[in-house]
Amino acid sequence: MAERVAACVACHGEQGRATTEGYYPRIAGKPAGYLFNQLVNFREGRRQNTTMTYLVSNLPDSYLREIADYFSAQNPPYAPPQRLLAAPAALERGRVLATAGDASKKLPACAACHGSALTGMAPAVPGLLGLPRDYLNAQFGAWSNRVRSAAAPDCMAQITSRLSAEDLGAITAYLSAQTVPPHAAPAAPTADRAKLPLDCGSIPRGAP
Amino acid sequence: MKRVLGWLLLLPLLALCVLLFMSYLAEREEPVVGGPAQDATVQAARGRYLALAGDCAACHTARGGATYAGGREIQTPFGSVYSSNLTPDSNTGLGAWSSDDFWRALHHGKSKDGRLLYPAFPYPNYTKVTRADADALFAYLKTLAPVAQANREAGLRFPYNQRLLLAGWRALYFRPGVFQPEAAQSAQWNRGAYLVQGLGHCNACHTSRDPLGGSETKADLAGGMIPVLNWYAPALTSGPESGLAKWDATQLARLLKTGVSDQGAVYGPMAETVYKSLQYLSDEDMGAMAGYLKSLPPARASAAAPPPSGESLARVMESGGRLYAKYCADCHGANGAGAPPAYPPLAGNHSLTMESAVNPIRMVLNGGFPPGTGGNPRPYGMPPFRLVLSGDETAAVVTYVRNSWGNSAGVVSPVEVSRYAAVPLE
Chain A
1 MAERVAACVA
11 CHGEQGRATT
21 EGYYPRIAGK
31 PAGYLFNQLV
41 NFREGRRQNT
51 TMTYLVSNLP
61 DSYLREIADY
71 FSAQNPPYAP
81 PQRLLAAPAA
91 LERGRVLATA
101 GDASKKLPAC
111 AACHGSALTG
121 MAPAVPGLLG
131 LPRDYLNAQF
141 GAWSNRVRSA
151 AAPDCMAQIT
161 SRLSAEDLGA
171 ITAYLSAQTV
181 PPHAAPAAPT
191 ADRAKLPLDC
201 GSIPRGAP
Chain B
209 MKRVLGWLLL
219 LPLLALCVLL
229 FMSYLAEREE
239 PVVGGPAQDA
249 TVQAARGRYL
259 ALAGDCAACH
269 TARGGATYAG
279 GREIQTPFGS
289 VYSSNLTPDS
299 NTGLGAWSSD
309 DFWRALHHGK
319 SKDGRLLYPA
329 FPYPNYTKVT
339 RADADALFAY
349 LKTLAPVAQA
359 NREAGLRFPY
369 NQRLLLAGWR
379 ALYFRPGVFQ
389 PEAAQSAQWN
399 RGAYLVQGLG
409 HCNACHTSRD
419 PLGGSETKAD
429 LAGGMIPVLN
439 WYAPALTSGP
449 ESGLAKWDAT
459 QLARLLKTGV
469 SDQGAVYGPM
479 AETVYKSLQY
489 LSDEDMGAMA
499 GYLKSLPPAR
509 ASAAAPPPSG
519 ESLARVMESG
529 GRLYAKYCAD
539 CHGANGAGAP
549 PAYPPLAGNH
559 SLTMESAVNP
569 IRMVLNGGFP
579 PGTGGNPRPY
589 GMPPFRLVLS
599 GDETAAVVTY
609 VRNSWGNSAG
619 VVSPVEVSRY
629 AAVPLE
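As given, the protein sequences belong to chains A and B, one line each in that order.
FYI, the numbering for the first sequence is 1 to 208, going by our numbering.
FYI, the numbering for the second sequence is 209 to 634, going by our numbering.
These are calculated hints, taken from the structure and not from any lab test.
One should not assume that every hint holds.
Some chain B residues close to chain A (C-beta under 7 Å, calculated; not the full set) [as the list claims (entries may be wrong)]:
hint : residue
1    : 258
2    : 271
3    : 274
One side of the interface only, derived from the structure: several residues of chain B facing chain A at Cβ under 7 Å [what the hints assert, rightly or not]:
hint : residue
4    : 272
5    : 455
6    : 479
7    : 480
8    : 575
9    : 579
10   : 583
11   : 586
12   : 588
13   : 589
14   : 590
15   : 591
16   : 633
Quick caveat: nothing in here was measured; it's all calculated off a predicted structure.
Cβ coordinates follow ideal geometry from the N, Cα and C atoms, glycine included.
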C-alpha cells in the first residue's frame, strides 16, 4: 500500500506524519472514518484544495476507504510543537476553551468531542494536536466562508460562528503550542451521538 | 467595366444564398417518427448503458450535486455554459418533455421551446444516434428520481450570448443525420464507428478547434489542444510516426476500459472519461471501438520533429538524466520500461513525444492517479514535482524523457514549463 500512495507522502510526509512547519496537515493516525470523509469531501467539492481534489477525483469510495485505513494505521512520531510568540493570557484562554468551553457563548469544550486529551475520537472526529497553526486558522476561515463543510448538521460550522476573532486566535495558538503526548491515539467512540453537546452529521449514528 | 461591377454586386447575394442553403441543411427537420414500442424495463436498462457510453452524467452533474440535476460549469473560450437538469422534474427538468422533444434536442440541438442549444452539449455527435437509442436514453432518464433544480443561463460574452447567432454557427458546422453504416465494412467496425462518432463524442476533444469553436472536419481525430483545459488530446488516427499506429489493439481496448495498459496509462481529462464512461462498456463494444480506431488512416502528414542536437542539448540531457535517475527511475525504471500496469513505460510512450510537450510537463508538475476502475480498482499514483523541481529542472527532465530510449521529440524550455504551471487544475 505504501507504494500505491507514494503520491500522498510527497506533501503529507513519510507515512503521513507531516511536520508542524508549513501547511500540510498530518494524516497519520487520524480516525479512519474522519480521513475517509475528508477524501470524499475533496472529491465532491465540500472542501476546496485544487491539488487534493485533482488527485482523488477519479478514485472510487472503496479505494478511498482503503487509503484512509492505511494512513489511520500509521503511527510515526510527532515533531516537536511550533514555537510561537503568543501572550500567556491568550494561551490560558485557549486552554479554557479547549477543556471547559464558554457557556456564555454557547461554546462547548473542544474536548467534549475531540477527546479529553484532544487526540480525537473514533471513528470520525480528528485529533487537534500536532497541526500547523496556519492550517488550523485556514480551516476556521473555510468554515466561515462556507468552503469547507461536513455532513449536516455541520457542528463545526456552528462552533466557528460562535468563536470571536480573539477566541479563534487564542484556541489555535494554544492547540499548536501543545506537545503531543506519547502514544497519542483517538479516544474510544462515544456510545451515543445524541449525548454530544451538538449534533454532528459526520459521526455515524449509533456509533460504534 | 459595367459587367464586372454587376458581378461584384451579385457576389454578396450569392454568398447569402449559399448561407441560407447551408442554414436550411442545418435546420431541416425530418418528420418525427417514434420508434417501435418496447418492453419498458428492457428499454430503460439499455438506455442506462447508452447514457454511460455517452458520458451524460459527467456533464450533467455538478461536483457534489445531485446526479443528472445539471449545473456543471463547462468553460469555453467564449465564457461559461451550464448543463441542464435531465431529471424528470416537471418544472425544472425533462418532466414535461415527450420523446419527440428529446429527439429534437439530441438530434437537432434544439430545446423543447425551440431555443438553439450551445454545442458545448455535443449534439453534433449525438445527432448520429438512432431514434431507437434516443428513445431508450429518454426512457432511462424518466426512471430517475426528479430533482427540482432550476437551469442556470449561460454566462457568455457578447455576441456569443445571442442564441440566434448559433444559426450561423450551425449553418457552417452542423448537419443533423443518423450514422449511416458502411456496407463494405464489418458489423463490428460499424458498431465501433457508431460509438466513437456518436455517443463517445471522442472528437469533441481529439480534434483541433478553429477560432469559432467548430471542429475541423477535414482533420477529424487528428489531435488537438483542448481549449481552456490546456491538455493535448493526441491523434487517434494512425500515421507512420504518430497516432495509434504503435498501439496493439488489445492493449488499446484495455487502456480505454481499465485506464492502464502495457503501453501507457490515461491521465488528465481522459482519466475522467474512462472513470465515468468507458469502463462501463462491454468488452465487445470496447473491442469494436479499438478496432475502428486502429483502422483510421492518417488525417494529415505530421511533420516529424527534427531530432534536436547540439552542445546545449547535450548539457540539458545530462542534467535531465541525473534528475531522472534521482526522482523518476524508482518507478519508471532506469531504461524507461516502467512496471505496467502499476507504472507506465515512458520508452515508446506516444503521449510523451507529441509535438506539444504540455502533457508530460503537466504530469511532472502535478502528478496524478489513473482512474480507479473495475479492471484496476487500486491504481498507483505519481507524486507532484512542482514543489521539488525548479522550472529549469522540470524542462530538463521532460526533455530527457522525450529524447531517451528511442523517443525523439522537441526540447522543452523553462518558459513552457512556467506557462503550464500557471494553468489551474480544474
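Hint-by-hint comparison with the structure:
no., hint, in the structure
1, 258, "22 Å, violated"
2, 271, "4 Å, holds"
3, 274, "11 Å, violated"
4, 272, "4 Å, holds"
5, 455, "22 Å, violated"
6, 479, "5 Å, holds"
7, 480, "6 Å, holds"
8, 575, "5 Å, holds"
9, 579, "4 Å, holds"
10, 583, "12 Å, violated"
11, 586, "5 Å, holds"
12, 588, "5 Å, holds"
13, 589, "3 Å, holds"
14, 590, "6 Å, holds"
15, 591, "4 Å, holds"
16, 633, "4 Å, holds"
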